[in-house]
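Go ahead and model the full structure; you've got the sequences and the hints to work with.
Residue numbers (our numbering), protein chains in the order written: chain A, 1 to 219; chain B, 1 to 213; chain C, 1 to 291; chain D, 1 to 361.
No lab work stands behind these hints: they were computed from the structure. None of these values were measured; they are calculated from a predicted model. A virtual CB, placed ideally from N, CA and C, is assigned to each residue, including glycine. Fair warning: there could be bad hints in the mix.
Example chain B residues on the side facing chain C (calculated, C-beta under 7 Å, incomplete) [said to hold, decoys possible]:
#1 Leu-23
#2 Pro-28
#3 Met-191
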Amino acid sequence: MKKTIPLVLIFVAGLLGIISFVIPHPAYQTYDEWIRNSFLRVLSAFAMVLALGSLLRVHFDKIRRRRKNWQYSWLLLIAFGASSIIGLFGGVAADGILPTAIGSFHFDIQVLYENIVIPLASSMFALLAFFMASAAYRAFRVRSTEATLLLTAAFIVMIGVLPLGHSISKHLPMFVQWILNVPNVAGQRGIVLGIALGVVATSLKIILGIERAWLGGGE
Amino acid sequence: MNISTDPWIWIASILSLAILSFLYKENPIFRAAEHIFLGVANGYLVTFYWHRILMPILFRPLFQQGDLLLIIPFVVGILYLTRFIPRLSWLVRIPIAIYMGYWTGVLIPATIQAQIIKQMQGTVLTSQNFQAWNAGSWGIVWSVIIFIGVLCTLSYFYFSREHKGVIGATSRVGIVFVMTGFGAAFGYTVMARISLLIGQLQFLLGDWLGIIK
Amino acid sequence: MKLHERFLQIDRRIIYAILLLVVTLPLVFRSPLKVTPMSPVEKLFEAVDNTPDDMAVIIDCSYAPQIKAEVEPMAIALLRHAFKTRKKVLVLSLYVEMIGLATKALNQVVGEFNSLALTANDSIIYGRDYVFLGWQPPPIVPMLGMGESISAIYVVDYYGNQTDTLAMMKGIKNYNNINILVALSGSSIPISWVAYAQNRYGLRVGVGCTAVSGADFYPYYQTGQFTGLMVGMKGAAEYEELIERRRGVEGRRIASEAMLSLTYAHLVIILFIIAGNIGYFISRRKQRRSQ
Amino acid sequence: MITILLLWITGIGPPANVRAHDVPSDGGGVVVIEWNLAPDDALLDGYEIHRSENGVDFVKVGFIGRGRRSFQDQTHDGTTYVYKVAAVSDTLRAFSLPSAEVTSHASWINVAKLNIYVAMIIFGGLILYFISCARRGKALFIRKIAGLQAIDDAVGRATEMGKPILYVLGLGYIEDIATIASLNILGEVAKKTAQYNTKLIVPNADPIVYTVAREIVKESYTNVGRPDAYDPESVFFLAREQMAYAAGVDGIMMREKPATNFLVGYFAAESLVLAETGAATGAIQIAGTDALSQLPFFVTACDYTLIGEELYAASAYISKRPLLLGAIKGEDYAKVIIAAALILASIIGLLSRFPILNLFQ
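Right under this line is the structure:
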């Protein structure tokens, strides 16, 4: 029973997903919309509780057992606690019961997002510029046909997109566009077709209960 | 030089530097920024899920407007929490099955439409596709190259034979297309990433330190 | 360690340090790089430049803070071009989060012109030379609605004025009076402009986008759905070059200044790749010889 | 101004031949109105669409630019309407004759998607047929996939070095096929780490994927008879935010210095952040994803990369379950059909006037 019920449910739910494509009638579509927008979104919110529980447990545990770098866990817990309280009680648009400003200093959740999360994420993106350089240096060597192709195409494009590219040859920027629009598209399309077939096959296997890794352990 | 007096610009700048210091090596300042990042990002997530999902589509309609149908997702959602009760923990499979089943079901026709049929449409050799290039008779050449490229790449992903003989040859050609495309995409992305770095430096040197304002 | 071995194992931190240096220095010393404008940008420039007196240009500033570095210079260059050549300008944003950046760019350029103006005729005056429509959710509403009547969708402008009472709006009723709309965005908004405003009302759409979306958008330019296309900082730098060369627009060229950083960064990466390959080549030959 | 004056003097001609029809195979509520352009089209503001339920009182329902020949109107299913189209110039209106009566209705089956149903039946049928072949014990040949051997070596290497293995599932949701394939591989990797008693670290970005990954790892440890070695804290949730997750994983890579990093699943721009940091720590890296835009970075920065479908095939191959292999066989035949269809359609498209592209709408 512990496996049969989930397998029956996944089959039924899968059929509902397929049917939503086949039946355009509003009598069915309104019901389908409810599944998507209410039912499934609510489920994802509950899963979040579980995940945050895991996050908190790992860090409380780290602190309790004085594991390596346990001090930083305090930082995480305080940052999490403070921003959650500000967000939950201060409201998404600073419209909650908790005051989120002292004089002209605002600290509502949107301000926290814009001044903590966005700069941190942008800096991570900025790291990418450096990582591209080191990855290119390490991997772009003429050691095999594949690596040479990779290197040549990257080389041409990197020069071609610069203002410099135009002074080398008027046709270079056009050639770059051609590489992106012709050989690149052909290769991508071949990969996409393969992926699509894999997606169809795997989805079928899941719905039919052949692929059941997701069930995890137990009987 | 006119250094910013806005405390938030200072916070944002110091956090940015902490992340950039990772390039030298992993260090306590990066570690602190990393943990603050995880904390605030998850705090924002809690806010978002509460104010944008749980309140407007579950609790308010259920308890204030009496939409009793919502009891079903409420109860099924709570099954996630049975994870903490060993004897009942198998019940967690029920919400997962429903969630996963529905979306994989949706995926089947959607994938066939967007990623098989549509991609085939763009590949077939017809005068209509030749003209779409807007490149005169070169359009025919480009279409033929794409046609060959797609077939050869597809043969690379043919698993029923070893890469020998005809399949060996076509899959080699396929790899040429794939690797050229990867190289080009890499080279093309360099500009975008350097631009992001420039943007971040403009923030640090301009908005914060006021050197380049 | 021999030279070629050094080439093979350059410490990543040396690469990072050199890259950081070549990107930062041109920013600090502000040396704009002259670029040669390419035809997608030139076409956009000409479309804006050829706007007749009884028509207007719409600039859609729908870019988020994350992509500001790439797109804001485009907004500034476009505004300078339009004001310098006395085009009527309508500015809007499709999302409320982006209105702050639109306001910033607009205020900056209006300030630049007015600080040099001597008479009212030289100045850029709100309601006569430009109108800031603000935002009206959801995006599809203004996209479709402005085809029939702009002042019916934006009944009041961003500052709360009745839109149809503004002098400039007298001759500007709907898309028929708009020569071109330039969408500045990092997402698929330009494609929505084509799908709704162009397909239904024949509005011409020009685009300024990030380097990442450039490759996806190029086919739309090829088929003529986009009248012109500015991609990334380089596109913005080309536009800056065009307005300076052909229309004598002066002012700080942010994108052109960044071009030098961008060029050096690319060259540094290329040099490191070459160095790595030289090292690889020599060590392979030595290996063969010793066999 | 002059044009308007001109139109005032000469008057404007109305659009002609107004037709209205229901849209087939839709959810109802839409009528399409088509017309021939008015004679002075170039001078107009555009066209107004007016409709009536009784044939007498017309109300304006829409406006569309000049040069357009059709309009979609939102309707109530079952109500009968009549349409008129007016050429508009400033305050001038020139109305067409009314259209014939039209009623919109909703369909129960979307017939317009017939080609997709056919494709679904062919591909689905092939896959199911080969799965049943596999079930009957028929031996199916699948070639070796480069990178799979590396998985075995990777676990061995970590054991020798006494260092952990990091398994990164990426940003994918549970319904992403890359995530499911990755979970299969994770199951096998976990069995090996259980046997060799190697530490396994699995940070997660999605709450539901996290719950499933936990179960899978636990099961693997139980299956090889080492439930005692399972550490419930080896699988944990980090963050949903893309770069917060990347920063967290980067920190783990630098502090724990794993011998092997698996980067398998769905990834976005953070792919290179992870792969380069991993490379800097000297780990062997095995990547696999179906995210096209990230493949170039994995191919560049990792030791082995499973490209697109290879990832799915690897997941079936490694679990050594014949039923999963059968599906790959089915996919292979589907590829042959796609190739044949492309060639055939091209021949028809080049040699005849048959609008072959319409079959692929």
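Hint by hint, here is what the structure shows:
For Leu-23/B, the suggested interface contact is upheld, since its CB lies about 5 Å from the closest CB of chain C, less than 7 Å. The criterion of a C-beta within 7 Å of any C-beta in chain C is not met by Pro-28/B, whose closest approach is roughly 18 Å, and the hint is violated. Interface restraint check: Met-191/B against chain C, minimum CB-CB distance 5 Å, threshold 7 Å, status holds.
The structure fails hint 2 only (numbered hints given earlier).
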